[in-house]
Amino acid sequence: MAHRTLNKRKPWYKLLWQNILKYPQLYLMALPVLLWYIVFQYGPMYGLIIAFQRYVPSKPILKNQFVGMKNFMDFLADPYFIRVLRNTLVINFYLLIFAFPAAIIFALLLNELRGARLKKLTQTVTYMPHFISAMVICGLAVDFFKADGMLTSILVSALGVEKTNLLSIKDYFRPIYVAMQIWQETGWDSIIFVAALSGIDPTLYEAAVMDGAGRFKRVWHITLPSIMPTIIILLILRIGNMMTLGWEKIVLLYNQMTYETADVISTYVYRRGLIQFDYSFSAAVGFFNSIVNFLLLITANTLSRKVNETSLW
Amino acid sequence: MRKKNKNHIDTNTTAGRVFDVFNNLLMVALIFVTLYPLYYVVMCSVSDPKLLLAHEGPLAWWLGEFTLEGYELALNNPNILVGFGNTMFNLIVGTVLNMTFSILAAFVLTRKYFYLRNVMMKMMIFTMFFSGGLIPLFFVVKHVGVYNTRWANTIPYLISTYNVIIMRSFFVSLPDSLEEAALIDGASDTQILMHIVLPLSKPVLAVIGLYYAVGHWNSWFPSMVFIRNTKLYTLQYVLRGILITNSMSVASGDNVLSVQEISFASELVKYCTIIVSTVPIMCVYPFLTKYFEKGVMIGAVKG
Chain A
1 MAHRTLNKRK PWYKLLWQNI LKYPQLYLMA LPVLLWYIVF QYGPMYGLII AFQRYVPSKP
61 ILKNQFVGMK NFMDFLADPY FIRVLRNTLV INFYLLIFAF PAAIIFALLL NELRGARLKK
121 LTQTVTYMPH FISAMVICGL AVDFFKADGM LTSILVSALG VEKTNLLSIK DYFRPIYVAM
181 QIWQETGWDS IIFVAALSGI DPTLYEAAVM DGAGRFKRVW HITLPSIMPT IIILLILRIG
241 NMMTLGWEKI VLLYNQMTYE TADVISTYVY RRGLIQFDYS FSAAVGFFNS IVNFLLLITA
301 NTLSRKVNET SLW
Chain B
1 MRKKNKNHID TNTTAGRVFD VFNNLLMVAL IFVTLYPLYY VVMCSVSDPK LLLAHEGPLA
61 WWLGEFTLEG YELALNNPNI LVGFGNTMFN LIVGTVLNMT FSILAAFVLT RKYFYLRNVM
121 MKMMIFTMFF SGGLIPLFFV VKHVGVYNTR WANTIPYLIS TYNVIIMRSF FVSLPDSLEE
181 AALIDGASDT QILMHIVLPL SKPVLAVIGL YYAVGHWNSW FPSMVFIRNT KLYTLQYVLR
241 GILITNSMSV ASGDNVLSVQ EISFASELVK YCTIIVSTVP IMCVYPFLTK YFEKGVMIGA
301 VKG
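Sequence lines, in order, name chains A and B. If you count the first sequence from 1, position 54 lands on 54 in this note's numbering, and the numbers rise without skipping. If you count the second sequence from 1, position 35 lands on 35 in this note's numbering, and the numbers rise without skipping.
No lab work stands behind these hints: they were computed from the structure. Since the structure is predicted, the reported quantities are computational estimates derived from the model, not experimental observations. Ideal placement from N, C-alpha and C gives every residue a C-beta, glycine not left out. Hints are not guaranteed to be accurate.
In silico lysine-lysine, DSS-like type, Cα no more than 27 Å apart, as pairs [to be verified]: (1) A/Lys-22 x B/Lys-112; (2) B/Lys-50 x A/Lys-120; (3) A/Lys-306 x B/Lys-122; (4) B/Lys-231 x A/Lys-22; (5) A/Lys-22 x A/Lys-10; (6) A/Lys-146 x B/Lys-50; (7) A/Lys-70 x A/Lys-59; (8) B/Lys-142 x A/Lys-70; (9) A/Lys-146 x A/Lys-170; (10) B/Lys-142 x A/Lys-59; (11) B/Lys-112 x A/Lys-14; (12) B/Lys-122 x A/Lys-14; (13) A/Lys-163 x B/Lys-142; (14) A/Lys-10 x B/Lys-231; (15) A/Lys-170 x A/Lys-59; (16) B/Lys-231 x A/Lys-249; (17) B/Lys-112 x A/Lys-10.
Per label pair, the in silico range of CB-to-CB distance [said to hold, decoys possible]: (18) B/Arg-228 x A/Tyr-80: 38 to 46 Å; (19) B/Ala-29 x A/Pro-225: 24 to 32 Å; (20) A/Lys-22 x B/Met-194: 14 to 22 Å; (21) B/His-143 x A/Val-219: 52 to 60 Å.
If we strip away everything but chain A, and leave its shape as in the complex, we get (with noise of 0.2 Å):
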């Protein structure tokens, strides 16, 4: 910054310039970060032309015709416009309601816990999940809710469902889903946390067993308090991702019976444009996407921010 305000006269272009042949070196290092960052990054942001086109890709991208707003207002007019948003915020509804406190909740139970060696054994084997591809997870899912599959078995004796492939029923979509996603990350989630809580001031402790607090008192009110900060910031962070979030697992998983409870507006944009081919449309409805989730992050940042003074920026 003094940099900047000591050279107040000169244009950015003759300081950049002069920057430039002084370190020339970092120049040549930064160059082939930027042109990455500018074609595989901005260029598919320019991209986004198309939605606002009738797109064919044999002609050059400004040589399209313009419909304006046409796309957008076809999306929002399909039949499919209500079923993809709905599953997209159900979906993440119940991940932000079971999945989260999930990682919450073990991180409290890993702070409680008075083993260190079981502690530490409980977190590296509940690591693990995460790490295993989402292919790898699929198939199992696939091979486990088959008709004849280990879970399904369990489940059509523990529950009495239907002894058939589970996956093929819409209903039971949205709880498989979910649970993988808790089975896979709830450790991982839980990394954070348990960091947080290994902040904590001991002095706190011993404040609060003097006033006479027990166990469960002091984790409401010295625990929780504590890591909130960082449970608000995941919680923004989780916001702001919902609208991709896992939907390659999706799309591993769902097939025509279950569209209906697992088609979100990510599959969508894939199914419409990858297999369909309909460009511009699908383009349009990743552009709505990606401007839902933007807006989503920068209200949940603001709220956060006002009622709790902890924000991401």
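Assemble chain B onto chain A, guided by the hints.
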């Protein structure tokens, strides 16, 4: 790191002890629930496929005679071998490229005298919040000539901004004194990077490198979207045909098998490929957790 068990002062009440027992048992149960699916698959993979097809429900041990036939079939399957070759190429070449680009990005962002530092940082952070989406990316990949080549597996996702930020915050935390001494001696930026920053950053480099490597090992999405040529599919995408769509024949070409034999073979191969493609991950993942356990991510994102 703080000592554990801070909230265990005065827990020798009956309720406290009951809770401890319950909590320990719960953790053991969670370990079981996490490991059992993989144990089950291991048991299936060495079972007699005839008995396996007739069996329903959990297994405690393998069925019938112990057999490694499935592994033999899996490891001789041409599609799996080609997929493995492609994955290894991505893993080695891709990780080197990932690391080169990430190190360069993280390093230039630590240079206070770099005029574009703030602009570049903002430009990178913005991509974490907004992206052009899949369809425009698809056309970018096509236009730059990467589509349907083996580079389509690595180039479109070359840099993870998250990893760059973690690496950068590690570089920033290095002591300034060595670098200042080097600057006084007239060291260039390249020299500072190669002789001071990188040697001091081995732990974070190892972790991020492993992280990228695991990403390549598990990668299938680019194969699905950017590649048509089946000879360029990654191992995980080859698995899709075996595990999920059941569209790939698992028997190798030379011996003629009956329909029943094929269904036995595919049952076994399915479980064996799960194990073969997961074991390497299980060997390296404990090394990956180190930096994340310290809450680096939060600090990095906030800072």
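Hint check:
Straight-line distance between C-alpha atoms of A/Lys-22 and B/Lys-112 comes to about 13 Å, which keeps the hinted pair within the 27 Å bound. Under the criterion of a C-alpha separation no larger than 27 Å, the hint pairing B/Lys-50 with A/Lys-120 is inconsistent with the structure, at around 40 Å. Only pairs whose Cα atoms come within 27 Å are accepted, and A/Lys-306 paired with B/Lys-122 is accepted, the gap being roughly 24 Å. A threshold of 27 Å between alpha carbons decides the hint, and for B/Lys-231 with A/Lys-22 the separation of about 48 Å lies outside it, so the pair is violated.
A threshold of 27 Å between alpha carbons decides the hint, and for A/Lys-22 with A/Lys-10 the separation of about 16 Å falls inside it, so the pair holds. For the hint pairing A/Lys-146 with B/Lys-50, the CA-to-CA distance comes to about 18 Å; that is within 27 Å, so the pair holds. The suggested pairing of A/Lys-70 with A/Lys-59 holds, with an alpha-carbon distance near 20 Å, which does not exceed 27 Å. Under the criterion of a C-alpha separation no larger than 27 Å, the hint pairing B/Lys-142 with A/Lys-70 is consistent with the structure, at around 25 Å.
Simply put, A/Lys-146 and A/Lys-170 have alpha-carbon atoms about 14 Å apart, close enough for the 27 Å limit, and the pair holds. Our distance criterion of 27 Å between C-alpha atoms is met by B/Lys-142 and A/Lys-59, whose separation comes to about 13 Å. For the proposed pair B/Lys-112 and A/Lys-14, the alpha carbon gap of about 18 Å is at most 27 Å, so the pair holds. Under the criterion of a C-alpha separation no larger than 27 Å, the hint pairing B/Lys-122 with A/Lys-14 is consistent with the structure, at around 21 Å.
As the CA atoms of A/Lys-163 and B/Lys-142 are separated by approximately 46 Å, the hinted pair breaks the 27 Å bound. Using a Cα cut-off of 27 Å, the hinted pair A/Lys-10 and B/Lys-231 is violated, with the two alpha carbons roughly 56 Å apart. For a cut-off of 27 Å, the pair hint linking A/Lys-170 to A/Lys-59 is broken: about 41 Å separates their Cα positions. Distance restraint check for B/Lys-231 and A/Lys-249: the Cα-Cα separation of roughly 24 Å lies within the 27 Å cut-off, and the hinted pair is therefore satisfied.
The straight-line distance between the Cα atoms of B/Lys-112 and A/Lys-10 is roughly 19 Å, inside the 27 Å bound, and the hint therefore holds. As the Cβ distance of B/Arg-228 to A/Tyr-80 is approximately 27 Å, the hint placing it in 38 to 46 Å is violated. Our hint of 24 to 32 Å for B/Ala-29 and A/Pro-225 holds, since their Cβ atoms are close to 29 Å apart. Between A/Lys-22 and B/Met-194, the C-beta spacing of about 20 Å keeps the proposed range 14 to 22 Å intact.
For the pair B/His-143 and A/Val-219, the beta carbons lie near 56 Å from each other, so the given range of 52 to 60 Å is met.
In this structure, the hints that do not hold are numbers 2, 4, 13, 14, 15 and 18, in rising order.
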